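Trainee: One letter stands for each residue in the lines below.
Protein chains: 2
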Amino acid sequence: GDPSGGRGISMDFHKPDGCGHPLSDLKEWVAVQSDSVQPDLRKEVIRMMVLAADRLAALGATVNSVNLGSHQLPNGQDLPLPPVILGELGKDPQNPTVCFYGHVDVQPAKKEDGWKTDPYTLTEINGNLYGRGATDNKGPVLAWINAVETFRALKLVVNFKFVIEGMEEAGSLGLEKLLEEENQCFFSDVDYIVISDNVWLSNKKPALTYGSRGNACFLVEVECGGKDLHSGTFGGIIHEPLTDLIALLDSLVDPTGHIQIPGIYDSVAALTEEERKLYESIEFDLEEHKKNSGVKKFLYGTKEEILLHLWRYPSLSIHGIEGAFHEPGIKTVIPSKVIGKFSIRQVPHMDLSVVKRQVRHLEGVFSRRNSPNKLKVSMPLGAKPWLADVNDPLYKAARRAIKKVFGEDPDFIRDGSTVPVARMFQTITQKSVIMFPIGAADDGEHSQNEKISRHNYIEGTKVFAAFFLEISKLHRHLHETSNMEIKN
Amino acid sequence: GDPSGGRGISMDFHKPDGCGHPLSDLKEWVAVQSDSVQPDLRKEVIRMMVLAADRLAALGATVNSVNLGSHQLPNGQDLPLPPVILGELGKDPQNPTVCFYGHVDVQPAKKEDGWKTDPYTLTEINGNLYGRGATDNKGPVLAWINAVETFRALKLVVNFKFVIEGMEEAGSLGLEKLLEEENQCFFSDVDYIVISDNVWLSNKKPALTYGSRGNACFLVEVECGGKDLHSGTFGGIIHEPLTDLIALLDSLVDPTGHIQIPGIYDSVAALTEEERKLYESIEFDLEEHKKNSGVKKFLYGTKEEILLHLWRYPSLSIHGIEGAFHEPGIKTVIPSKVIGKFSIRQVPHMDLSVVKRQVRHLEGVFSRRNSPNKLKVSMPLGAKPWLADVNDPLYKAARRAIKKVFGEDPDFIRDGSTVPVARMFQTITQKSVIMFPIGAADDGEHSQNEKISRHNYIEGTKVFAAFFLEISKLHRHLHETSNMEIKN
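From first to last, the protein sequence lines stand for chains F and C. Mapping the first sequence onto the numbering used here, position 178 (from 1) lands on 178, and the numbers just tick up by one. Mapping the second sequence onto the numbering used here, position 212 (from 1) lands on 212, and the numbers just tick up by one.
Pulled out of the complex, with its shape left as it was, chain F reads as follows (with noise of 0.2 Å):
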């Protein structure tokens, strides 16, 4: 059943430079100022669009530029949203179709900045390639492509799709709705979803990351009446709306960082024996993170509460206050109408309405006060928390993958962000979803001198190419499996 024979992988990354080299393809993409955020480079995204499709289509892929029409600008201007590109090559039923997520759209970068390089000429310097999208996104999609490529010369045994798209850093707009409207069609025959749009969490030890927090998102409203007041004139004879403010965050958190909102952890998932073992093995510099940080002191001392608490258990942090004075210097004002943000990252099995129900908890907080203000609480953004299974054929393929690559296993880490793609993939098309990444913790992805080492991107060629064996041979096996079930 090994196509290649046993032979695994071997590409050939000292071909003379040329159409098709992976570095020249890399240099060729990253020259593109293909920036999402600013409106005068759309034409840009566009540019790279009709490249990335080019690109596919030299594969043999067949290729959909999905038109997704235009967006309106705060300032009423009206954008042309660049298309999402769905590919397809292969379309054997025997073999398992994997689908790839990628962007090939970028964040801003200027070389004033504060970059060494030009942000948009591939440069390398002691084995890293330095340049706006190297590795968010546009390495990770060539080094895909280039492992599909390959893979292609071999006998073919799976069959691939392609979501490229180009607004992923301006919220990719449109692409819910495309998915969405694509269920049942695009989707419908695929087995697994890969994501590879983020890093490991060390600079050597590769990865695989099965869950992100969501992120409840809420308002605290307090208002006294119609306007500001002087603190002379009012201070000491009124219910300040901010002093009830204070009171309410203060209620949230303890200085433990233990969340106070009564029953909020009564639906985090039990810490397992086996989730545990696979905190003991991850590499992570817990020194490193607190220097990157700034902060003296964690909440906690050793790696694994660190990781448990920034993954898998909720946290919650307050962000500030609308309507108070912010500014330097002093103003004796008393805010008449104060709005307090704070967002809860909340895990699995929490629910963001019960979330959301338990938070009005402050309203009880606020009812003791005896305060005649308004309070009004609102939850306006709620972002649920993803979460594969480590155990499913997907994660089983790329962990071999890397183990055959890297020589080690990987770690399974999470994020303890939201990860908005991957939770929208597997909510809407409920197939198994990998984000599978391969650069390196180190690489910079939204600041200067964003870099892909060199190793890193050959390497994560390669480890794509390598999964592509593993999962046929896991999906044949599977399908064996439950072929012989269905017969017995």
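Each hint should be verified, as a subset may be incorrect.
Since the list gives no way to pick one copy over another, a pair counts as held whenever it fits inside one copy or between any two copies.
As the list claims (entries may be wrong) - Capping the alpha-carbon separation at 30 Å, the derived lysine-lysine pairs in DSS-like fashion look like this:
hint, residue 1, residue 2
1, Lys356, Lys110
2, Lys277, Lys404
3, Lys227, Lys91
4, Lys376, Lys331
5, Lys116, Lys290
6, Lys331, Lys43
7, Lys291, Lys376
8, Lys331, Lys111
Hints are computed from structural coordinates only; laboratory data are not their basis. These numbers were taken from a predicted model, which means no experiment stands behind them.
Chain C: place on chain F using the hints.
Mentor: Only chain C this time, still in chain F's reference frame:
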């Protein structure tokens, strides 16, 4: 010894318009855009100072326009300061010397801000004289000068001094230094200081002001490290500075408005029976005040409690937080350095340095949190309260004058805000200071449609003249009594 021969004061305000007529004087002064806030109108302030100096010279006063040099604007521009006018009229050591402080600069005003009439054209509508500076402070300054002019036509038994400035609305730059320099010279023979730069508590009933609260402003800074952090990447594993700050601010004041800083009430002067009586008779429309504030309910239900808590008890107001997210919407940031701002309106006999020490109570609250963050509490601004003795001859004379002219006793009132100029004069010169308003509560200082009623302007002139008579009588009486005591 009544120099008016027991006839009381009578003035003819019905002579035709002309030089020296009270209304044409005020019309001329209001027409000068002596706005000290806007740099490009500074020349108008300086022109106004010349007008005021000329007016005093026309009285027969010796006038010294003291040059205060210049000050620098935030943009680096050097702007000349208007001079302070020191005037002197009469030098008989047998007579009391009354020094009047007033200012002839004004707040900015534009027709399009919502004025019904041109702000720089004094316009009479239904008995009210509308115009910028009509009540704050050109009207009262002219009422005083006109009273002196009238009184001078009689037998002069009071020596007058004048301090007229042109930077009051811009922070009285240079005034304090001048007072200190002149303390042993110009102020050496001053017995009483009168300021008429505020308004009554009601629209109809005259008032004398004998105190104001101080203001101690505090900054509470909590910092965790170098940069703002992402709540997904660090939420749940660090001691968030804003959570610490919220807890610190929440420890300051309880829902009833009671300040929770230990010892803060220890030095507050006990309420005497005599004082409580003063409050009973005060004319104050609680419902009107509530309506003006927009607040549904005050912390206290009676007029007396409200005024006590506004004037003679301290209050604590939280104004806002610098460094946190303050814009509309949500930003899932953990701010690394946040600065809470609050102030305590303190009252006699609270001592600023004691208050500052007591606020270090926050350090204890912080240390109980076991937070590794850095706390810094500072008091960048501390203005002391001001309190005069209502049994001082100055107040007795003013009270008698009001009774004579208005036919009723004045309210003895304080100001919940800080009145730096009264405190400054009293602290530096150690003389008796009175705030002797002639404007009504609805005059709208600093607002659109500022006015003084024709009635208040003219009766104000009369009451000042009557006051000269009373203070001369009381002073002579005191002088004779003290001479007798020395002889005994």
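Trainee: Taking the hints in turn, state whether each one holds.
Mentor: Structure-based check of each hint:
Within a single copy, Lys356 and Lys110 get their C-alpha atoms no closer than 41 Å, and across copies no closer than 48 Å, so neither meets the 30 Å cut-off. Within a single copy, Lys277 and Lys404 get their C-alpha atoms as close as 22 Å, which meets the 30 Å cut-off; across copies the closest is 92 Å, which misses it. In the homo-oligomer, the alpha carbons of Lys227 and Lys91 never lie at most 30 Å apart, since the shortest distance is 66 Å inside one protomer and 50 Å across protomers. In this homomeric assembly, Lys376 and Lys331 come within 30 Å of each other (Cα to Cα) both inside a single copy, at 26 Å, and across copies, at 19 Å.
Taking CA atoms no more than 30 Å apart as the test, Lys116 paired with Lys290 passes inside one copy only; the shortest distance there is 26 Å, against 62 Å between copies. In this assembly of identical chains, the alpha carbons of Lys331 and Lys43 lie at most 30 Å apart only when taken from different copies (29 Å versus 47 Å within one copy). In this assembly of identical chains, the alpha carbons of Lys291 and Lys376 lie at most 30 Å apart only when taken from different copies (23 Å versus 39 Å within one copy). Within a single copy, Lys331 and Lys111 get their C-alpha atoms only as close as 40 Å, which misses the 30 Å cut-off; across copies the closest is 27 Å, which meets it.
Violated hints, in rising order: 1 and 3; the structure is consistent with all others.
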